[in-house]
Amino acid sequence: MSATELDATHNHSHGHDDHGHDHDHPAWLAHHFDDAEQQFDSGKLGIWLFLITEVLFFSGMFCAYAMYRSLHPEIWTFSSQFLNETLGAINTGVLLFSSLTMAWAVRCAMLGQNRGVVACTGMTIACAAIFLGVKAVEYSHKIDLGLLPAGFYVPQVAHPEHHEGLSKWLIYFMVVPGLFLVVLTAWYGQAVATANSVQKQIAGPLSVSALCFFLGVGLGLYLESGEAAEHGDKAHVAASDSHEETHASDNHSEADHAKDGEHAKDETHAATDGAVSTETASADGHAEASHSADNEIISPDVNKPNAAGLFFSIYYCMTGVHAIHILAGIGVLTWVLVKAAKGQFHSEYFGPVDYVGLYWHLVDFIWIYLFPLLYLIT
Amino acid sequence: MAHSHANQHEHHEKSDGHAQAGHGHHGHHGFAHPSPIWQLLAVFFALLALTVLTVYQSTLDLGNMEIWASLTIATIKAALVILFFMHMIHDKPFNIIMFLGTLVFVALFLGFTLMDAHNYKDLIEPGSITPK
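Just so you know, the sequences run in chain order P and A.
Position 204 of the first sequence, counting from 1, maps to 204 under my numbering, and the rest follow consecutively.
Position 124 of the second sequence, counting from 1, maps to 502 under my numbering, and the rest follow consecutively.
In short, the hints are calculated from the structure, not lab data.
Treat the hints with care, as some may be off.
Said to hold, decoys possible - DSBU-like, lysine-lysine: derived pairs with alpha carbons at most 30 angstroms apart: (1) A:Lys470 with P:Lys44; (2) P:Lys304 with A:Lys470; (3) P:Lys142 with P:Lys304; (4) P:Lys342 with P:Lys304; (5) P:Lys200 with P:Lys342; (6) P:Lys168 with P:Lys342.
To be verified - From the structure, some residues in chain P lie toward chain A, with a derived Cβ separation under 7 angstroms: (7) Trp104; (8) Val208; (9) Met318; (10) Ser347; (11) His361.
In this text, a Cβ means the ideal position worked out from N, Cα and C, and glycines have one as well.
Pulled out of the complex, with its shape left as it was, chain P reads as follows (with noise of 0.2 angstroms):
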């Protein structure tokens, strides 16, 4: 290992802070602790149980998620067509190569590696704020449709109407994150114009994260455009479906199986009309469904706030929670990228990165079950 790996704050002469006393202690070991393993074990300690009380504080959500999809399977299947699997992988993904990054970053500090610790912790912090991209896109599709937690939340129709251009809610998620990028980058500017190195390190590596949101964005809208055609036919699928099992007529259902796929749109209009009314509309369905100003509501059994805003009310719950937690660990994330710049870390002082390491993998941990539970329902 190079001396050049060594920065300047791996100094431990007393003269530069005001320490009054004389004893050999270097600045980055606290008085209380006796060495520096004990310092760092006794933050391992103290970060480990935090951790235990985020994990009991996320398993009371995932208990009413437990609860309510065990006492209503019927609810959850029809919402999870609105979720997008692929955006729901895609952000899977990032969080993993983000553990991958982070990981490395303790690697990097326990080696003493500073500049290692910035790139890392740098790339982590990108990934974060990918996936709160994508989570935005997500986010704003699903307020459009009015897929809102109970209280608000409004049945959904056959057609949902597509508007073109980005979502209202969309442009305000990006208000924040446009403000520092545009702030982040003038910092990083004014640092090479001054060539200030450690202000270098710092603004480039999250003015750089911060594009990352809208490159998260980005890849959200893409998928989601393509996404579109394929919800459309799975709400119809979806509809007629859960028809068939919520519906008592037999005659009805056969009226249902006979028709193919391509009058699926009709399907559920006859379907929804049979329910509503006699069976004798459903026979030829579809010459009398009309696609007018109203448009039918599939699956009104569960398609209501008190079922289906129920799930809603789960997934903006806990989801909204870990996107909270990501904004925190880009926040303590950035405080080390900043100790790093600093060139604070070294074989006996990495406590920081190990600990903020181990956060932000319980986020990931948090994530790995939260996938298949909210996307993955078949």
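For this one, chain P is given, so just place chain A on it according to the hints.
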């Protein structure tokens, strides 16, 4: 003078004799256990593979076993993250016991609650809850 341990040394000699000699290209790491890069990459690719597997598994129709299959794969992924990325495999037993104990409590929490979940359905009179 107390400045004897200044910049030239890679680490610092403590009063309890924590001094170590150099250990090749990994430097001095008394209590640090830097994970080998191959290990980090191997775990990452295993996690990716398991993610692909779990997406594939969701497309199969396993009926009631679906949720258990997803949870099993998720648990394997979680175990990889905990053991290697969080390096629990090198951690102090006390921390391990605490964390595993937490999972026991979560299991109790969910287990007992779920056992009770279906016990009251028969007691609810039809029509007594007015849907919106």
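Now the hints, each set against the structure:
1. A:Lys470 with P:Lys44: holds, 10 angstroms
2. P:Lys304 with A:Lys470: This hinted pair is violated, its Cα atoms lying about 51 angstroms apart.
3. P:Lys142 with P:Lys304: holds, 15 angstroms
4. P:Lys342 with P:Lys304: violated, 55 angstroms
5. P:Lys200 with P:Lys342: holds, 11 angstroms
6. P:Lys168 with P:Lys342: violated, 41 angstroms
7. Trp104: holds, 6 angstroms
8. Val208: violated, 21 angstroms
9. Met318: Hint on Met318 (chain P): violated, closest Cβ of chain A at ~14 angstroms, above 7 angstroms.
10. Ser347: At 5 angstroms from the nearest chain A Cβ, Ser347 (chain P) passes the 7 angstroms test, so the hint holds.
11. His361: holds, 5 angstroms
In the structure shown, a violation is registered for the earlier hints numbered 2, 4, 6, 8, 9, in ascending order.
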